[in-house]
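**Q** Sequence:
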Amino acid sequence: MLTRIFRGLAPRAAAPAPPAPVPDQATLRADLAGLMNAAQPAYPAGFRGAVPPRWYDKTHEVRAIQDWLAAQRTRDPAFDAVAFLRDFAEIDRHRAAPFTVLALEHRAAGDKQAAAEAIAASLSANHWDLHAQDIALEINAWAAGAPSPLLQLNEYLKGRFCAAPFETLETTPNGDAYVCCPSWLPIPIGNIDRQDADAIWNSPIADELRASILDGSFRYCSRMHCSRIGNKWLPEAGSPEAAAFTAGDALRKPGPRQVILSHDQSCNLACPSCRRDFILANKEEQAALDRVADDFVMPILRDADSVRITGSGDPFGSNHFRRLLKSITREEFPRLWVDLHTNAQLLNARAWADLGLSSLVRITEISIDAALPETYAVVRRGGDFSRLLENLEFVKHLRETGEIQRLVLSFVVQALNFREMPEFVRIADRFGADLVVFNMIRNWGTYSREEFEEQFIGARTHPEHGAFLETLRAPELQAAKVSMGNVLGYA
1 MLTRIFRGLA
11 PRAAAPAPPA
21 PVPDQATLRA
31 DLAGLMNAAQ
41 PAYPAGFRGA
51 VPPRWYDKTH
61 EVRAIQDWLA
71 AQRTRDPAFD
81 AVAFLRDFAE
91 IDRHRAAPFT
101 VLALEHRAAG
111 DKQAAAEAIA
121 ASLSANHWDL
131 HAQDIALEIN
141 AWAAGAPSPL
151 LQLNEYLKGR
161 FCAAPFETLE
171 TTPNGDAYVC
181 CPSWLPIPIG
191 NIDRQDADAI
201 WNSPIADELR
211 ASILDGSFRY
221 CSRMHCSRIG
231 NKWLPEAGSP
241 EAAAFTAGDA
251 LRKPGPRQVI
261 LSHDQSCNLA
271 CPSCRRDFIL
281 ANKEEQAALD
291 RVADDFVMPI
301 LRDADSVRIT
311 GSGDPFGSNH
321 FRRLLKSITR
331 EEFPRLWVDL
341 HTNAQLLNAR
351 AWADLGLSSL
361 VRITEISIDA
371 ALPETYAVVR
381 RGGDFSRLLE
391 NLEFVKHLRE
401 TGEIQRLVLS
411 FVVQALNFRE
421 MPEFVRIADR
431 FGADLVVFNM
441 IRNWGTYSRE
451 EFEEQFIGAR
461 THPEHGAFLE
471 TLRAPELQAA
481 KVSMGNVLGY
491 A
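Per the numbering used here, residue 1 is the first one in the sequence shown, and the count goes up by one each step.
Simulated from the structure, these hints should not be mistaken for laboratory data.
Certain hints may be false.
[As the list claims (entries may be wrong)] Below, in silico cross-link-like pairs of lysine-lysine (DSSO-like), each with a Cα-Cα straight-line distance of 27 angstroms or less:
#: 1; residue 1: K283; residue 2: K326
#: 2; residue 1: K396; residue 2: K326
#: 3; residue 1: K396; residue 2: K232
#: 4; residue 1: K158; residue 2: K232
#: 5; residue 1: K396; residue 2: K283
[Claimed, not checked] Between beta-carbon pairs, the in silico distance windows are:
#: 6; residue 1: R430; residue 2: A38; range: 36 to 42 angstroms
#: 7; residue 1: R387; residue 2: S358; range: 21 to 27 angstroms
#: 8; residue 1: D67; residue 2: H94; range: 46 to 52 angstroms
#: 9; residue 1: N154; residue 2: D193; range: 35 to 41 angstroms
#: 10; residue 1: D384; residue 2: R430; range: 32 to 38 angstroms
#: 11; residue 1: R362; residue 2: D92; range: 43 to 49 angstroms
#: 12; residue 1: W444; residue 2: K283; range: 52 to 58 angstroms
#: 13; residue 1: D193; residue 2: H397; range: 28 to 34 angstroms
#: 14; residue 1: Q66; residue 2: D249; range: 19 to 25 angstroms
#: 15; residue 1: A109; residue 2: N174; range: 24 to 30 angstroms
#: 16; residue 1: D249; residue 2: R430; range: 17 to 23 angstroms
#: 17; residue 1: P44; residue 2: D277; range: 25 to 31 angstroms
Even for Gly, the Cβ is constructed at its ideal location relative to N, Cα and C.
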């Protein structure tokens, strides 16, 4: 009876499950940070363990964030991804990828100003990131109503060639070696403190970088920073110049023809765009640098055509580089040319004679970054403008007498100095320079994100960007001797 009674009763509806608790913001931030830390870059096998993942491509972190956001939106349709990302990025400021995704979110919403601000913040946090650079080119063009430069450049590169990875080796302060400017092609091919020259020059990474040129993808090269790409200065893939490097085994080469030494940061100045304080190697550090010169540098120079000193400090302000320069003689190195990159504060007749530079120097580049003494005192901390002008007179004499074959004056463009660009060209004319080179300021790790944003005049969101664009129209900057480097990419 009871069984029949129970069977006749309608089943009772199950109680609804309580809604899942919404995680608090701290939990969400920790969850996203963990996913970003766990994300793995899709590097070729030869890169693993050799290429720092924090550097050249944050695609894996960007995708991890986008997947996480999609999951949050599915879980909670009211989830405000933009507000969350903005807070996350401001709290975890050293990460660039959240700003990149935030820029993409703003672009999807049609907010040009916010998208430009977010991608500028991403580049301020990590200017090496090739993925963020490509997105910046796209967003800035979209915000300006212009066609995509990225598509144009990628199409252009399919039929071009660059000799740098086939002939250039650059050393850096941490020992990493590159086949191009580290800002243009930010992949180290080895380390001079741990490997010999042949192991570095013909490493699997070097092979991969050269292959990326031969297949026309240039997939590891910066479209934003490289002036050869941005200005379309590269020769055609079928040109005689390309054929000279691609004959035989195109990937494997006997040794670098151009060596750039940037492994000692010692300098007599403390320029804010380069460092926070004065750097001078002590005796122990200099001894280690000298061992590198004896064991690694001097042997590879015997087969090189040129050596450039230095992209990291000053050849006259470094005891290490002064010693190295004294070791280079025409008798020992009959076909090697020296190219100097200096602030010229110490480049006078006495230094020229003491280092025995007569008949050795091909190119002298002097980095100045100002046309007025008051600006020079800020951007070239520790320098004396009147001494600079005196030494420029000496260098002018060297150029006129043929002691140097080419004189270049260079200028890093920033908020502090962009209005002086036309006057700088007039200074170059006064001292007989063959070439004037402008390049946009980059954050080499010396600025906080906020500090860099104040100086990065190339950003569309900078309050003086309009005045910068007007300066670029000055007639002095249209002269044949003026190279705008990568500056026009920000215009």
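**Q** Among the hints numbered above, which are violated by the structure, and what are their numbers in rising order?
**A** Numbers 3, 5, 6, 8, 10, 12, 13, 14, 15, 16 and 17 - these are the hints that the structure violates, sorted from lowest upward.
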